[in-house]
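Here are the chains, one letter per residue:
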Amino acid sequence: MKEVVLDCLGEACPVPLVKAQNKLNEMEVGDVLIVQLDHSCAMKNVPEWARKDGHNVEVEEVDDGEWEVIIEKTK
Amino acid sequence: MEKSNTKFFDRVKKNEYYIKWLKNPFTYVTAAVLLSLFQIVTLAATKNPWGVSGTLAYWGAWIYQGLGGSVDKWYYFASSGAQSTLAAGILNHGESWRNFGIIAGALAATLLASGFKVKKIKSVRQIIAAVIGGLLMGYGARLAFGCNIGALYSGIASLSLSGWVFAVGMFFGAIVGSKLLVKFFM
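Here the protein sequences come in this chain order: V and H. My numbering puts the first residue of the first sequence at 1, with every later residue one more than the last. My numbering puts the first residue of the second sequence at 1001, with every later residue one more than the last.
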């Protein structure tokens, strides 16, 4: 099981979403992807997609206007 | 009397109404309904449909005049209406105040949600894309006599066919834009 950090700070929609999707595709079931982002609409659409896909998702506000979306690949 | 140990703002942060109204973003449906209501108010109060980017052309003209230039001979500003708007100045321009309000409101919203952040620029690519994109959008919006607000949103809201034509053009433009984005930013 590995943990991958994806730095999307300073990237605007929809770049974080597409990057997260591509990254998660290369990962194994059980791996954890941490997406760092500071674009508020990505903070909405990245968790939304991951939940719809059936993964375990948690959003953490790490600083003002900065979030980490933690996605555990389940399938 | 014993003083409460938790600070005021720490308590506000956990308040359910704060979280519901100011912290969490509104849903798309809520925002869409509010936008629709306020554009009706705008049309009723000002007798003009809502627009955003036409004002930006005036801002450009005022800046150009401030630097000593003249737009008197420009075809775009040739109408007497445009000339009198330019002569009256930005402080007497209602649409400019509405745009100031959008900027101030967006800032207030992000501050109230503690979401304000000065973002770093990640690459030169971002600057180039932003400049090219901004120029294309501004130029296109003036050619079409409106942006996605004035031409699309207000157009469709006024039951005008031109709004739907704009929508078709924008849809295909967005496809091309997305392809370019994935190509250059992934």
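Simulated from the structure, these hints should not be mistaken for lab results. Backbone N, C-alpha and C fix where the C-beta goes; we use that ideal spot for every residue, glycine too. Honestly, I wouldn't trust all of these hints.
Unchecked claim - Over 10 Å on every C-beta distance to chain V, these chain H residues come out as not near it, computed from the model:
#1 1005
#2 1025
#3 1053
#4 1060
#5 1088
#6 1095
#7 1116
#8 1131
#9 1185
Claimed, not checked - Far from chain V, some chain H residues (derived; all Cβ distances over 12 Å):
#10 1028
#11 1048
#12 1071
#13 1083
#14 1139
#15 1160
#16 1186
What the hints assert, rightly or not - Which residues of chain H face chain V? A partial, calculated answer using Cβ under 8 Å:
#17 1114
#18 1117
#19 1125
#20 1128
Evaluated hints:
With a cut of 10 Å on Cβ distances, residue 1005 of chain H stays outside the contact zone with chain V, its closest approach being about 23 Å. For residue 1025 of chain H, the requirement that its beta carbon stay farther than 10 Å from each beta carbon of chain V is not met, with the minimum near 6 Å. No beta-carbon of chain V is positioned within 10 Å of the beta-carbon of residue 1053 of chain H; the least distance is around 19 Å. Non-interface call for residue 1060 of chain H relative to chain V: holds, since the shortest CB-CB distance, roughly 24 Å, exceeds 10 Å.
Non-interface call for residue 1088 of chain H relative to chain V: holds, since the shortest CB-CB distance, roughly 36 Å, exceeds 10 Å. Separation of residue 1095 of chain H from chain V is adequate, the least Cβ-Cβ distance of about 26 Å exceeding the 10 Å criterion. Interface exclusion of residue 1116 of chain H from chain V breaks down, the closest Cβ pair being 6 Å apart, not more than 10 Å. Its beta-carbon lying about 14 Å from the closest one in chain V, residue 1131 of chain H satisfies the requirement of being farther than 10 Å from that chain.
With a closest Cβ-Cβ approach of about 5 Å to chain V, residue 1185 of chain H is found to fall inside the 10 Å limit, against its non-interface label. Non-interface call for residue 1028 of chain H relative to chain V: violated, since the shortest CB-CB distance, roughly 9 Å, does not exceed 12 Å. Annotated as non-interface, residue 1048 of chain H keeps its C-beta farther than 12 Å from every C-beta of chain V; the closest such distance is 29 Å. A cut-off of 12 Å between C-beta atoms confirms that residue 1071 of chain H is not in contact with chain V; the least separation is 33 Å.
Even its closest Cβ contact with chain V, about 38 Å, leaves residue 1083 of chain H beyond 12 Å, as expected for a residue assigned away from the interface. At roughly 21 Å from the closest C-beta of chain V, the C-beta of residue 1139 of chain H stays outside 12 Å, upholding its exclusion from the interface. Remark: the non-interface label on residue 1160 of chain H is consistent with the geometry, its nearest Cβ contact in chain V lying 29 Å away (cut-off 12 Å). Its closest Cβ contact with chain V, about 6 Å, brings residue 1186 of chain H to no more than 12 Å, contrary to its assignment away from the interface.
Among the interface hints, the one on residue 1114 of chain H holds; its C-beta lies about 5 Å from the nearest C-beta in chain V, closer than the 8 Å criterion. Taking 8 Å as the C-beta cut-off, the interface hint given for residue 1117 of chain H holds, the closest approach to chain V being about 3 Å. The beta carbon of residue 1125 of chain H is not positioned within 8 Å of any beta carbon in chain V (closest approach about 11 Å), and the interface hint is therefore violated. The closest approach between the C-beta of residue 1128 of chain H and any C-beta of chain V is roughly 14 Å, which is over the 8 Å cut-off, so the hint fails.
Hints 2, 7, 9, 10, 16, 19 and 20 from the earlier list are contradicted by this structure; the remaining hints agree with it.
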